[in-house]
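Q: Each chain, written out:
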Amino acid sequence: MNRSRDGGPRGGERDDLSARGEEIRNMFNRARAFTEELLRENERLRFRVAGLERELEQAAGKGAPPAPEAVADLTERVRALEKERDELLTRFQKVKGANDVAGAHFEDIESQHNHLANLYVASYQLHATLNFSEVLDTVREILINLIGAESFAVFWVDDRTRQLRRELTQGMGSVLPDTIRLARGPLQDAVEGQSFYADPLPERNGIDASRPIACIPLKIGTRVIGVVAIYRLLQQKEHFGPLDFELFTLLAGHAATALFSSKLYQKSEKKLSELQGFLDLLTAPSPGS
Amino acid sequence: MSATTFLIVEDSPTMRQLLAFSLRRLKDCRIIEAVDGVDALKKLTTEPVDLVITDINMPMMDGLKLITVIRADARTKNLPIIIVTTEGAEEDRKRGLALGADAYIPKPIQPSDLLKTVASLLERARN
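Heads up: the sequence lines are chains A and B, in that order.
Note that my numbering numbers the first sequence so that position 282 is 1204, with each residue one more than the last.
Note that my numbering numbers the second sequence so that position 108 is 159, with each residue one more than the last.
By construction, these hints were calculated from the structure, which means they are not laboratory data.
All C-beta atoms, glycine included, are put in the ideal place defined by N, C-alpha and C.
Don't take each hint at face value.
DSS-like, lysine-lysine: derived pairs with alpha carbons at most 27 Å apart [what the hints assert, rightly or not]:
(1) A:Lys1159 x B:Lys145
(2) B:Lys116 x B:Lys93
(3) A:Lys1159 x B:Lys167
(4) B:Lys93 x A:Lys1018
(5) B:Lys145 x B:Lys116
Where chain A lies over chain B, by a calculated footprint (3+ residues, C-beta under 8 Å) [unchecked claim]:
(6) 70-82
(7) 91-102
(8) 111-124
(9) 167-178
If we take Cβ atoms under 10 Å as the criterion, some of the chain A residues that face chain B in the derived model are [unchecked claim]:
(10) Val1043
(11) Thr1060
(12) Arg1062
(13) Ile1064
(14) Leu1165
(15) Glu1168
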């Protein structure tokens, strides 16, 4: 996505989205005005028919039978008006149908915009730093603010011991040990590359470290470098929605690369600084010289 | 008509960016960001603001204290305030509204819901 200097989308894209929204709003307004016009016209015709019927009744009440031509004329007019009314009603139904379609389309666009906003912000923030702890903070913020997770943990896969090492926890108390030995279950499945989502969600009871409600492997290519395990959602969040699954997919790829590259960067910085210290020691003038 | 100025008070950069991103869909808007209540009060003294969106849990000064201070100041007592927070319990909502917030939106937010609330509060403030 194109970005402005402050991280937002370029003005052109924003204008485009606003223009589409504006266009749909205008279409709504035009459809509403047309519908109102149809209703007014229908009302007018009903009055007219009622008036004619009244006139007919009055003429009949006077005793003198109406002239057959007048009756025929009035009957013809009533028929014409009824036909016109039926046509108007048909048009009204068509416009209403088009209005409903446009409404559904508008809601779709709104929903897509919401998704894109969340995904854009999440990916932007994940790659905004090369500091490992800051990337972890971003993962924490995404899980709390965008997904609505209350208790969760991020683990690093220790390739040597095949254990999970805890890197981040939130709302877990002292339930989680520093390392978890892998056993059959969602965590083991995640290390093997499979996501897990409990459906339906269990009751909000105590937290069991081995039974997360969602497990997302953090992958670089096919290699799993870590796991995000969610144990409980915020109380106002009742279930995972389509946006959550998109965010999980984003986390699986982007959080993995962001965490991995920041860890590498941190290591290389440390090595560079050690090397620099060593070089400084070698090139420093000796005390006697 | 001059631009509408929003003050976003939120310690999470991710959430600040999402709120700003959502608000920028409105025409003619200006966004000021603050990282906590203290920062927000500083900015309120120097910038004219039309609406405040604040989190509750923040370092230095939380959102509830910020609302109390804003409502106690004659210059800002009528400023529309929206709370956007992870605290979703009914008692939290009641407490926020009792302190003077105009709306309470639990996280995770739907940007379209936020925009509707913003539009209705701005409309009310104008009338």
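Q: Of the numbered hints stated previously, which ones are contradicted by the structure, given in increasing order?
A: 4, 7, 8, 9 and 15
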